[in-house]
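2 protein chains.
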Amino acid sequence: MSAPQQNRRIVLASRPVGEPTAENFRLETVPVPSPAEGQVLLQALYLSLDPYMRGRMSDAKSYAAPVELNAVMVGATVCRVVESRHADYAEGELVLAYTGWQDYALADERGMRKLGQLAHPSAALGVLGMPGLTGYMGLLDIGEPKAGETVVVAAASGAVGSVVGQVAKIKGCRVVGIAGGPEKCRYVVEELGFDACIDHRAPDLAEQLAAACPNGIDVYFENVGGAVFDAVLPLLNTKARVPLCGLISQYNATGLPVGEDRMPHLMVQLLKRRIRMQGFIVFDDYGHRYGEFFDTMNAWLAEGKIKFREDIVEGLENAPQAFIGLLKGKNFGKLVIQLNK
Amino acid sequence: MSAPQQNRRIVLASRPVGEPTAENFRLETVPVPSPAEGQVLLQALYLSLDPYMRGRMSDAKSYAAPVELNAVMVGATVCRVVESRHADYAEGELVLAYTGWQDYALADERGMRKLGQLAHPSAALGVLGMPGLTGYMGLLDIGEPKAGETVVVAAASGAVGSVVGQVAKIKGCRVVGIAGGPEKCRYVVEELGFDACIDHRAPDLAEQLAAACPNGIDVYFENVGGAVFDAVLPLLNTKARVPLCGLISQYNATGLPVGEDRMPHLMVQLLKRRIRMQGFIVFDDYGHRYGEFFDTMNAWLAEGKIKFREDIVEGLENAPQAFIGLLKGKNFGKLVIQLNK
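Chains as they are written, first to last, in the numbering used here: chain A, -17 to 323; chain B, -17 to 323.
By construction, these hints were calculated from the structure, which means they are not laboratory data. Since we're looking at a predicted model, the values are computed, not measured. Check the hints yourself; a few may be wrong.
A pair holds if it fits inside one copy or across any two, identical chains being indistinguishable in the list.
Derived pair list, reagent style DSS-like, types lysine-lysine, alpha-carbon separation capped at 30 Å [as the list claims (entries may be wrong)]:
#1 K323 / K128
#2 K310 / K96
#3 K254 / K310
#4 K128 / K96
#5 K254 / K153
#6 K254 / K128
#7 K128 / K310
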C-alpha cells in the first residue's frame, strides 16, 4: 500500500454558546505523520459521533478535559493499520481506537484494541462499543431491573436506548420507549420489541406515558432530561432507580429556565418515594467490565436477541452537520461517519 | 395499682398550612379504656417528637397515611404496663410502643417491644431508637463512608445528626457538622468529637463549609435541604453519596421558591460527578435490621464511644409548642416529652 500524503482533520475552531454551529468547526489538511518504532499508522474507516462530545466542546468543569481550541475533535474510530512498526500489528488489521475526527493518526498498543473478525466492524462503535456498554451497565448495575418491573428509556431508537430496552426485555421487564416521531416509535415497537413507544413531540406526552405505565415506573434510564423527565417523575414508583446517563436536552442550555425552583421538589420526591438517582460515566465506572459485556452482547447478537440500526453518513466534511443534527435527534440509529472504505 | 380514670390526649384539630400553630392541636380528656383478654393497658412515660410528624399532619400523598382529623397524633413512646391481660407482660414492665400523644392506650404483643433493663429508658426513643437507626443505617448502608473521607451532616446536635457524625468518626472519617448557633456548635465539636461545626446562620456559610472541607465532601447525610444543601452541592466530590433522610427546611413550605429552576442543574451535577442520591424511610427500608443496630449501638454507648443529649419537656399539654419549636431548631438534643413518671 503506498503511503498516504494528506491527512484531513476537523478541529474545534471556537467554543459554542448554546447549539453548536458549523463555524465552531474547521476542516484542515495536514501532512500524514510517519510512525516511529513501536507505532502504527491508522486509517480511520468509521468515526462514532455521540452526544458526550458536546461537553468536550465547552470549557466548563466536567468529568473530562475539554478539547483545546484548534485541536482535533475527539472520538472513537474503527481503523485499519496501513503502516506498522509494531511487531504485534500487521498491515490490514482492524482496530478500535480513539483517533478523533480525522483520516489518519499514529497509535501504539496503549491506544488501540484489536477487533479480530467482526461480522460488522462499525458495531464496535455502537452496540458492541461505548454506547452498548453504557446501556448495558447503567441498566443492569444501577437500574437493577427485575422481571415484571416497568422500565422506561428515552431516545429509544438510539445507540444507548435501544440496548437498554432490549436488555430489559431479555430480563423480563415491561419496556416503554420514548422517541421522536412515528417512524422511530414504530421501529422501537415492531423491530426492537418494546411493549410501547411514545412520541415525545406529542402534546399529551405525560398522559400517554401514564397510560403506557399502568403500574408506574420502576427503572427510568435517564439520557435526555427536560420535558421527558417532567413526565416521568410523577410516575416513579417507591424504590425506583434512575441511572443518570445523559441529559441531552440540557447540553445546549445557556442558562436555567426561570419559574419555580423545582430542585427541592425533586429532592422531596426522591425522599418520599425512596428513589435512587445515580450518575455514571461509562469508562470511568465500567471500563474494566468491557470484556464481560462484549462477550454477552456478541452472543445476544449472534442469537438474534439484540438488533441494532446505524445511521451512516459518508465523508469527514459532513461530520459537523451530522453532529449538530444528533443533538436535535435527527439521526435514526447509531450515528457513524464513514471516513474511508 | 388502682386503675386510672382519665386519659388526656392531643388530637389533630385541623391541618396546618405552612408552619403548624397551636390551633392545629386539641387537648381532650376521655375515659381510660379497659384491656380485653390478650391486651395490656399502657401508661406512657416518654413521648418522642420528631420532624416526620409534620408530614403526617398533611393529607398530601406521602409514604405513610396522614393522621385523620380528630384522631390522636401519632408517635413512639416508652410505656409502663399498668394492667395486663396478656400472660407474657407483667404489670410494671417497660415497653417501646407507638401509642401517640396521650397518657394511656391499649396494646397487644404486635404493638410493643419489651425494653428490659435499660440504663436510660428514654434513649429507646433516640440514640437506641428510630433516630439512631436512621442515622446509623443511612450513613453506613447508603453513605458507605470509608476511612479518610469527609462526611458532612446538618442538624448535627440533633437525634439523627449526632449519631451520623459519631458513627462516621468511629469509621475514621473527617466529620463536619452544621448546627444552629454557637452553643450547639461547641457541643458538637467538644462533646461529640466532630472535627468542625459550622453555624448555619452564618452569612458566609458556604465559604466556611468550603474551608472546613478542604478535600471536598464524600458523604452528605441530608436531613435539612434548603440553604445548607446549596452550600454542600458545589463541594460534593466525584462518586459522592447523598443519603436523603429528611428535608426539614421544606416541611412547612406551601409552594416552591420562585427563580431559576435548578432541577436540571442538580441532575447535571449528579451526572457529571457520578453522585448517588438516595431517599430512604427508616422503618420501611431498615426495620428488619433493628436488632443488629441495637446491639452495636448499645455496646458503643457502654464503651463511651457514642454520647447523646436529650431535651426533655414535661407535660403532654406542652407537646404542641415543643413540636412547633422542633421544626425551627429550638430544641437542643433529642426532643422528648415526659408524660408521666
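Can you give me the call for K254 and K310, within, between, both or neither, at a CA distance of at most 30 Å? Between copies only: 21 Å across chains, 34 Å inside a chain, cut-off 30 Å.
Up to 30 Å between alpha-carbons, please classify K323 paired with K128: within, between, both or neither. neither (43 Å within a copy, 51 Å between copies)
Alpha-carbon proximity between K254 and K128, which holds within one copy, between copies, both or neither at 30 Å: both (22 Å within a copy, 27 Å between copies)
Regarding K310 and K96, is the shortest C-alpha distance of 30 Å or less found within a copy, between copies, in both, or in neither? This pair counts as neither: shortest intra-copy Cα distance 33 Å, inter-copy 63 Å.
How would you classify K254 and K153 at a CA-CA limit of 30 Å: within, between, both, or neither? both (28 Å within a copy, 28 Å between copies)
Within, between, both or neither: how does the pair K128, K96 come out at a Cα-Cα threshold of 30 Å? Cα proximity of K128 and K96: none, with 35 Å in one copy and 38 Å across.
How would you label the pair K128, K310 (within, between, both, or neither) given a Cα cut-off of 30 Å? For K128 and K310, the Cα distance exceeds 30 Å both inside one copy (32 Å) and across copies (42 Å).
When the structure is compared with the earlier hints, violations turn up for hints 1, 2, 4 and 7 and for no others.
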